[in-house]
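Undergrad: Below, each chain spelled out in residue letters.
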Amino acid sequence: MFSRPTTEQLLAGIAEELRTVVASEVQTETTKIMLQQIDQILMGCSRRAAHEIAWVHEEAEKIGALTGKPIGKPASLHLEDVLAWYHQVSSLLSDEVGAAFRSGDQGRIDAVKEVLDARSAIEMQVLGALELVGRG
Amino acid sequence: MLHLEEMPQRVKAFFEKVEPTWKNVSVEKYEVMTGGYSRLLARADVAHDGVVSTFVLRGDPPADKSLLYTSRVQEYELLRTVGDAGVRTPHAVYFDATGEDLGTLAIVMDFSQSTSFLPYVAAGNSIDGLNIRLAEAIASYQSIPISALPASMERPASWDAYMTKRINSWREASNNHVESLPVFHYVAEWLDAHRPPPAPLVLMHGDFQCANVMVTADGHIEVIDWELAGIGDPREDIGYFKAVSQASPPDLLGDDGIEGFCARYRELTGLNELQVNPATVAYFLVLGVVGTVEQLMQGGAAWAKGENHLFNSVFNLSSVLFGQSMWLDFLGQLSEPMKQIAAAANGGK
Chain F
0 MFSRPTTEQL LAGIAEELRT VVASEVQTET TKIMLQQIDQ ILMGCSRRAA
50 HEIAWVHEEA EKIGALTGKP IGKPASLHLE DVLAWYHQVS SLLSDEVGAA
100 FRSGDQGRID AVKEVLDARS AIEMQVLGAL ELVGRG
Chain S
0 MLHLEEMPQR VKAFFEKVEP TWKNVSVEKY EVMTGGYSRL LARADVAHDG
50 VVSTFVLRGD PPADKSLLYT SRVQEYELLR TVGDAGVRTP HAVYFDATGE
100 DLGTLAIVMD FSQSTSFLPY VAAGNSIDGL NIRLAEAIAS YQSIPISALP
150 ASMERPASWD AYMTKRINSW REASNNHVES LPVFHYVAEW LDAHRPPPAP
200 LVLMHGDFQC ANVMVTADGH IEVIDWELAG IGDPREDIGY FKAVSQASPP
250 DLLGDDGIEG FCARYRELTG LNELQVNPAT VAYFLVLGVV GTVEQLMQGG
300 AAWAKGENHL FNSVFNLSSV LFGQSMWLDF LGQLSEPMKQ IAAAANGGK
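Going down the list, the protein sequences come from chains F and S. Position 9 of the first sequence, counting from 1, maps to 8 under numbering that gives the first Met the number 0, and the rest follow consecutively. Position 177 of the second sequence, counting from 1, maps to 176 under numbering that gives the first Met the number 0, and the rest follow consecutively.
Isolated chain F, as found in the complex:
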């Protein structure tokens, strides 16, 4: 398979074309708004495509270390298998959140928060700048 241009580049390129070429040809307000939404989603997809599988593994390792529970591994590196595994590992983290608060141990709560903050930082990297196009 051709691997370059990368998926990240292709999606960013499509977004750029829509923004600079197609947008000026669009006449209706509703379609213009949809195009801006598509632009934001495409740029997020571009950023995800470059790092998604690595990010999931990196976070899973942190969750394993936090909970002390075996996290296993995905059935394959195909995205569907990786995400099914990530869901299981995320469930371990969700359970740990409840257990930490029930324990009343502030150190345990803070450790959970640290993993969640790291997760959120990745999500914000994917999101980029949020513009609520179409509201108001």
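By construction, these hints were calculated from the structure, which means they are not laboratory data. Note that CB positions come from ideal geometry on N, CA and C, so glycine has one too. Don't take every hint at face value.
To be verified - If you anchor each label on the Cβ, the simulated ranges turn out as follows:
#1 63/F / 339/S: 34 to 40 Å
#2 74/F / 110/S: 53 to 59 Å
#3 339/S / 123/F: 29 to 35 Å
#4 105/F / 216/S: 50 to 56 Å
#5 332/S / 128/F: 19 to 25 Å
#6 113/F / 144/S: 44 to 50 Å
#7 128/F / 32/S: 45 to 51 Å
#8 32/S / 7/F: 47 to 53 Å
#9 338/S / 8/F: 32 to 38 Å
#10 277/S / 123/F: 21 to 27 Å
Given the structure of chain F, go ahead and fit chain S onto it with the hints provided.
TA: Leaving out everything else, chain S in the frame of chain F:
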């Protein structure tokens, strides 16, 4: 409502039916409006007896294009109630309760001459004093007795029961989603561990945000889009307004506006300083978004499973992603103030 070729005739026939005394009814203009994420919106200029009246049609989209599932019947009843109570909101005049006339269940409202808040700000208008007007707008609909609200609206058994259910909604939003959402579980546990002093339950708008308020010609706040209204804690709408303002400034309840807002709101509602202050507003900034978050997550999950094809369902997940970052940040800052408020409410320090 989106079929521009047939809607003028449908609208004309509708008005001839609901206003049989009107003569020479015609539809001068019909156009689809932007701004509604969940409902179809259209504007119709209807001429009769030598005058032209402008109306807004607000109707349900087709099932596979639906983001939120809410009752138009309840919304219409509520619009009539809040309108009769003097709340500044576009008056609901008619209702196609079957969809036979307008093609879908649709409320027909007066067209508001007010300016949407964000364009009002973008045009360079001053926002001085709008935090006070905001307090007055919220207090105006929260003063409606619960007994006067539509019977179809759920009445919580108590404030504690309401809060427990609301907080648990965060856990359910994760459990019902297509993947586990640990941040939602963290939010639920934190909110449960830091409950504020209770307050009497009131009518809650449910989506009280900058996109759903308008500024009247005389500088007051007009409220639109009541489809998510319910009965709940009075501080939820305040927190929710602030939450959305974080993502879509300006924030009328920012550092410059929050104290004045709280003072005016307490004056109008009789709530005290332990119940309404910047910290409890921030608490409800997080709690108050759960209803919308649930709906948005359901939309995103349905899209992921191929059960709906509304692109907004995907786009709106971006708001939740942004929100997660903000909630984690806020909760970290709020732990100590909420502990102090709880101690003061319990009579100690």
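Undergrad: The structure should be examined with respect to each hint, and the outcome stated for every one.
TA: Checked hints:
| no. | hint | verdict |
| --- | --- | --- |
| 1 | 63/F / 339/S: 34 to 40 Å | holds (37 Å) |
| 2 | 74/F / 110/S: 53 to 59 Å | holds (57 Å) |
| 3 | 339/S / 123/F: 29 to 35 Å | holds (30 Å) |
| 4 | 105/F / 216/S: 50 to 56 Å | holds (53 Å) |
| 5 | 332/S / 128/F: 19 to 25 Å | holds (23 Å) |
| 6 | 113/F / 144/S: 44 to 50 Å | holds (47 Å) |
| 7 | 128/F / 32/S: 45 to 51 Å | violated (27 Å) |
| 8 | 32/S / 7/F: 47 to 53 Å | violated (37 Å) |
| 9 | 338/S / 8/F: 32 to 38 Å | violated (50 Å) |
| 10 | 277/S / 123/F: 21 to 27 Å | holds (25 Å) |
Hint compliance for this structure: hints 7, 8 and 9 are broken, all remaining hints hold.
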